[in-house]
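Sequence lines, in order, name chains V and L.
Under the working numbering, the first residue of the first sequence carries the number 1, and numbering increases by one thereafter.
Under the working numbering, the first residue of the second sequence carries the number 1, and numbering increases by one thereafter.
Simulated from the structure, these hints should not be mistaken for laboratory data.
It is possible that some hints are incorrect.
In silico lysine-lysine, BS3-like type, Cα no more than 30 Å apart, as pairs [as the list claims (entries may be wrong)]: (1) L/Lys25 - V/Lys64; (2) V/Lys88 - L/Lys34; (3) V/Lys64 - L/Lys24; (4) V/Lys4 - L/Lys34; (5) V/Lys4 - L/Lys108.
Here are the simulated distance ranges between beta carbons [stated by the list, open to error]: (6) L/Ser87 - V/Thr50: 39 to 49 Å; (7) L/Ala92 - V/Arg90: 30 to 40 Å; (8) L/Arg165 - V/Ala81: 39 to 49 Å; (9) L/Val140 - V/Thr61: 42 to 52 Å; (10) V/Thr61 - L/Asn164: 25 to 35 Å.
This one's a predicted model, so the numbers in the text were calculated from it and none came from an experiment.
A virtual CB, placed ideally from N, CA and C, is assigned to each residue, including glycine.
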Amino acid sequence: MATKKTIAIIGATEKSGEAIATSLATGKNRLLLMAGDAERLDALKAKLETASASAEVDTITCSKEACWEADIIIIANPHEAATEIADKIREVATGKIVITLSSPESSAAEELQTLLPYSKVINSPGTAFIDDYKLYSLDGRPMDEIHTRW
Amino acid sequence: MFEQLTQSIRQKTTLSNAEEETLKKFFIPKKLRKRQYVLNAGDVCQYIIFVEKGLLRSFHDDASGHEQVVQFAAEGWWISDMNSFFSGDDAAYNIEALEDSELLLLTKPAMDELMEQLPKIERYYRLLMQNNIVALQRRVIASLSYTAEEKYVKLMDSCPDIINRAPLQYIASYLGITPETLSRIRKQVSTSR
Chain V
1 MATKKTIAII GATEKSGEAI ATSLATGKNR LLLMAGDAER LDALKAKLET ASASAEVDTI
61 TCSKEACWEA DIIIIANPHE AATEIADKIR EVATGKIVIT LSSPESSAAE ELQTLLPYSK
121 VINSPGTAFI DDYKLYSLDG RPMDEIHTRW
Chain L
1 MFEQLTQSIR QKTTLSNAEE ETLKKFFIPK KLRKRQYVLN AGDVCQYIIF VEKGLLRSFH
61 DDASGHEQVV QFAAEGWWIS DMNSFFSGDD AAYNIEALED SELLLLTKPA MDELMEQLPK
121 IERYYRLLMQ NNIVALQRRV IASLSYTAEE KYVKLMDSCP DIINRAPLQY IASYLGITPE
181 TLSRIRKQVS TSR
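Given only the sequences and the hints, what does the whole structure look like? Please build it.
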């Protein structure tokens with residue numbers, strides 16, 4: 001039985017953050033939603049729990065704490081204040097996978113990788129217009145869980 | 001974040017500041033809330049776990065749902081499912097946080113790389129393993145031939161802290177006695193000391 005992982009979503013109230021939270025809130029893993037606005041976070045948590053009874057969702061407003069608890073880190077808004085975020089989370093993101101949600105043309109992932117040399121930064125492409133964000137594995141299968149062996 | 005780890009290593013070998021900085025990069029810092037699991041039986045154990053803060057227990061669930069506590073780990077202690085970690089077999093144990101905890105996780109590839117880069121760490125682990133084997137031998141004898149009172153006193157002398165922090169049902173399970181027997185012994189021991 002796979003051990004439940006904690007997936008932190010930094011910028012969970014962003015459009016892409018919310019979309020990926022929705023697709024991952026199946027209860028297979030625990031979601032830790034992080035954003036600056038506690039009220040919007042609570043609203044999102046309530047929405048996810050209503051949509052799926054088995055969803056395991058917590059909220060937090062500190063990015064460092066979120067990444068410290070996380071096994072996997074998803075950054076929904078990698079363009080904004082990348083240096084600032086990286087400085088906050090660098091120590092506690094050592095050895096962890098960091099997934100950025102940005103378009104394929106963007107260099108946000110490469111920039112973040114330079115700022116987080118001891119993490120593994122991967123970009124998962126999407127666009128700013130998507131409503132329905134899903135993660136796909138390399139062979140095209142939809143994923144609602146993320147594997148950490150890299 | 002690394003105070004307990006560096007202290008533990010310094011007890012057995014010396015590290016320069018540069019070596020200490022190198023060492024830190026190999027560990028994954030992980031916060032675990034009370035009642036969260038870092039390992040489920042049936043999964044493959046990816047980490048050996050060092051406790052910076054907090055308290056964990058490892059336990060085995062038998063077919064009838066009876067839980068057997070195998071080990072506790074408080075600050076400065078290591079814990080893992082060793083067989084699963086080294087062989088890749090499914091883990092037989094679950095590892096759960098009994099308090100909010102701060103852990104440092106070491107994967108097998110990271111451990112191998114660390115030993116290569118810092119050979120002194122090989123010595124540290126060798127000494128840890130030595131102590132571990134001695135402790136396990138003592139525990140086997142205690143399990144097989146000590147009375148319930150003797151087992152309790154042995155635990156109280158070696159880790160009084162654990163007795164105050166872990167739920168008594170888990171202490172009882174660890175000692176291989178019933179919670180009722182444990183209650184009785186605790187009363188006896190506290191009146192006689």
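Hint-by-hint comparison with the structure:
1. L/Lys25 - V/Lys64: holds (17 Å)
2. V/Lys88 - L/Lys34: holds (24 Å)
3. V/Lys64 - L/Lys24: With a Cα-Cα distance of about 18 Å, the restraint between V/Lys64 and L/Lys24 holds, given a limit of 30 Å.
4. V/Lys4 - L/Lys34: holds (14 Å)
5. V/Lys4 - L/Lys108: holds (20 Å)
6. L/Ser87 - V/Thr50: 39 to 49 Å: Between L/Ser87 and V/Thr50, where Cβ atoms are some 44 Å apart, the hint holds.
7. L/Ala92 - V/Arg90: 30 to 40 Å: holds (36 Å)
8. L/Arg165 - V/Ala81: 39 to 49 Å: Holds, at about 40 Å.
9. L/Val140 - V/Thr61: 42 to 52 Å: holds (49 Å)
10. V/Thr61 - L/Asn164: 25 to 35 Å: holds (33 Å)
The structure meets every hint from the earlier list without exception.
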